[in-house]
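Visitor: Take a look at the letters that make up each chain.
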Amino acid sequence: MPSTDVSRRQFYTAAIYGLWSLIAAALSIPAAAYLLFPPRLRKAPGWVEAGDISALEPRVPMEMVFRQNRVDGWKVLSERTGAWVVKLSASEIVAYGPQCTHLGCAYHWDENRDYFLCPCHNSVFSIDGAVVSGPAPRPLDRYETKVDGGKLLLGPLHPSKAAS
Amino acid sequence: MSWLDHRTGIETAVRNFLYEEIPASSGWHQVFGSIAAFLFLVQAFTGALLAFNYAPTPGDAYNSLRYILTEVTGGHLIRGLHHWGASMLIVVVVLHMTQVFLYGAYKKPREATWMAGVILLLLTMAFGLTGYLLPWDNRAYWGSVVATQIAAHVPFAGPYLSRLLGGEGAIGVVTFARFYGLHVLLLPPATGILIATHIYLVRKHGVAPAPGDEVQPKKKFYPQQAFKDTVAIFAAFVILFVMAVAVRVPLERLADPTDTAYIPRPDWYFLFLFQTLKFFDGPLEIVGSVALPGLAVLALFLVPFIDRGRVMRVTRRFTAFGVAALALLGWAGLTVTAIATTPKPDNTVAIDYGAPTDWIGLSPQELAGIGYFRKENCASCHTTGSGKPRIGPDLANLPIKKSAAWMIDHFKHPAAMVPGTSMPPILLSDAQLNALAAFLLKLTPQNAAALSSAPDFAVEGALVYQSKGCGSCHQVNGIGMTVGPPLNGLARRRARAWVIKHFADPQALSPGSIMPPYRFTPREMDALLGYLFTLQD
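Protein sequences appear in the order of chains L and F. Residue numbers 1 to 164, in the working numbering, belong to the letters of the first sequence in order. Residue numbers 165 to 701, in the working numbering, belong to the letters of the second sequence in order.
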C-alpha cells in the first residue's frame, strides 16, 4: 500500500536524521567543552618579590625584572617578567603590567617627554597609567602591591577598567 | 537544479551515493563496514582533540596526558573514547572480515576489495601498536620494549627494522618520535586513502549478491539500508560512549626502565601473538615471532585465490564456517592462556594516575585524618571547597585559619570554642584528633577534591600505621623518625610475603633489629601493606 510505504520511508528518514544528530551532539558538545572551558586551576598565584624600593624616586618610573611562577598547561614555569613601578606619592606605589593594553607590545618610559610610549602603535600613557593618546582602549593594568620591609611584593595582575 | 549543485555537483554526487542499487538480500549482516568507517572517523576526531593538549616527548607526554585527565574539562571522556574506540575498531574490523569471509563476498571480481581490506586490518593493528607507547607510562614502555625486540629478531631485516623504529639499544626519545610520527602523520592518511580505495571498489563492483539475487529486483541503499547502517552505528557509538564514561582507562605510573618487577603485556588484541611466542624457544623463536604470523597474513591476503569455488549460499559454506570457528577457537585459546598465565604482581598496588594523586604526598597522619573525617561523617554538615552550602562552615574556605590546638579543643567541646554551635563533640583520642586537625590544616579549595579522592585502602592503611605508631621509628614522605629504615620505595625492595613474615618475627629476617613483632587482623594487614606499597621513592 502506498500510504504505509510513505510513512515507513518517513520513519526511516526521521530515524537517520535523529540518530546522526544525537551522535553529532554527543561528540561536539564534549569537544567544545574540552577546547573552550578553562582547565581546573591548580594553585592560586601567591605574592612574588619584585625588588627593592629604596632606590625608587618619587614619580620616576623604574622597570623591575623578577622571576614568577606561571602555570602553563601541565607545567609550572619559572619565568622572567617585569613591571613598571612608580612611586606616585609617599604612600602610593603602583606597579603596571609590562604590556600595552592595546595589543600587548612592551612599552617603555620616555624620559624626555615624561610619558609611557608603546612603540607598536604609538599609544601614550601618563605616569598614572591613563591613556593620553593612541589606540589603547584602557589604562595600564596594575598588579596588586604591598610593601614588606623595603621590598615590593606583587600579587595578581588585574586588567584595568576602560575609562568611559 | 540548485545553484550549488550547478557549480559543484555535490547534490548529484550525494544522491548517486545514497540511491545506489544494492541486491535484494542486503540487510543487517552488511552493517559492519559502515561501523568501521565511522569508528575510524571518531578515532581521527578524538585523536586530534588529544593532540591539542599533548606533548609528544617522553616525560612531557605522561604529564600532559595526566593534565588532560585531571584538569581539562571532558578530558577523561575524550581519552576514553579514543582508548576504547581503538579496541572497538579492532573488534568491528574483524567482525566485518568474518562476515565477508563467511558469505564468500571476496570472490571474483572482488579480490582487490578483500586485499585492500586485509591491509586495512594491518594498518588498524599498526595504529594500536604505535598508539600503545604514547601515554609513556610503565605499561606503554614495557609493552613497546617487547614489540621492538620482536622486530629486532626478524632474520636479516631485524637490525634495520630495529633502527627504523629507533629501538636500537633502548626505547627513548627516538623511538617515541618514530611511533608518534607513524601514529599521527603517516598512518592516518594511508588509512584514509585505503578506505577510500576500499569503498570505491565496493561501489565499482556493487555489494556482493547472494545466490538467487539475480532473479529479484534490486533495492536502493537509501533509506532502508542507510537506516540499518545508522542504527548499527548508533548502537556501536552508545556502547563506546558508555565504556568511555564508565570503564576506567588504565594509566600507570611514569615509565620506569629500572622497574624489574614490572610484568610487560601488550594490549589485549596482541596477546595471542605474545602467547604464540612462548611455544618457541631459542633458534625456533623466529617461527612464533615472524614465520607463523607472516604465513597467517599471507594466507589471509590470498583467501580469494585459495577459495576459487562458485558462489554458494552462506548456509552451505561449511568449510568457511569451519575455518572461522577454528581461527576463533585458536585465538580465544591463546588469549585466555595468556591472561591466565600472567602472574599477579604481589607487591604493586594499582593506583589510578588518571585521577588526582595529591594524597600520595600526604604524611600518614594527614592521610589518617582523611580517614577520621570520613568515619565521623564530617561531610554531612561541612563542605570542602565545593558543593551546596551545609549547616557547618566550608572547611576549605575558613575566613581565619585556626591552629591545631584550637581545633582539637573545638572537636572536644565545640560549644566552648564557638558559642551556640550545634556541632556535636567528636569522641576520638587526642592522637586521632591531632590527625584530623593535621588534615584540615592542609585543606585548601585547590586541593580539596584531590585529597578527597584518596583511595580507601590507602586511608585505612594510614589509620593502621597511625594507630600502631609506626612513625615513632619509620619515616614516610619525610615525616617520622629514622630509627628504622624509611618506608618509601618499600615495594621495590621487598616482596609482600617477606614483609608479612617480618611483622610476625622481625629478628628472623633482620638480625639485630629492635622492631617488636606486630599482629594484625587480615584486614589490617591488607590495608597496611596496600598503603606501604604505594609509597614512592
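Hints were generated in silico from the structure; no laboratory data involved. It cannot be assumed that every hint is accurate.
[What the hints assert, rightly or not] Calculated lysine-lysine pairs in the DSBU-like style (CA-CA distance at most 35 Å, straight line):
id, chain 1, residue 1, chain 2, residue 2
1, F, Lys382, L, Lys151
2, L, Lys75, L, Lys161
3, F, Lys539, F, Lys566
4, F, Lys508, L, Lys151
5, F, Lys368, F, Lys566
6, L, Lys151, L, Lys161
7, L, Lys146, F, Lys382
8, L, Lys151, L, Lys87
9, F, Lys508, F, Lys576
10, L, Lys151, F, Lys565
11, F, Lys565, L, Lys87
12, F, Lys382, F, Lys271
13, F, Lys383, F, Lys271
14, F, Lys565, L, Lys75
15, F, Lys384, F, Lys368
16, F, Lys442, L, Lys161
17, L, Lys161, F, Lys539
18, L, Lys146, F, Lys576
19, L, Lys75, F, Lys383
20, F, Lys384, F, Lys442
21, F, Lys566, F, Lys552
22, F, Lys576, F, Lys552
23, F, Lys552, F, Lys606
24, F, Lys606, L, Lys75
25, F, Lys442, F, Lys272
26, F, Lys392, F, Lys508
27, F, Lys566, L, Lys75
28, F, Lys665, F, Lys565
29, F, Lys565, L, Lys146
30, F, Lys392, F, Lys382
31, F, Lys539, F, Lys368
32, F, Lys368, F, Lys392
Visitor: Tell me, which hint numbers fail for this structure?
Guide: 1, 4, 5, 7, 9, 16, 17, 18, 19, 20, 25, 26, 28, 31
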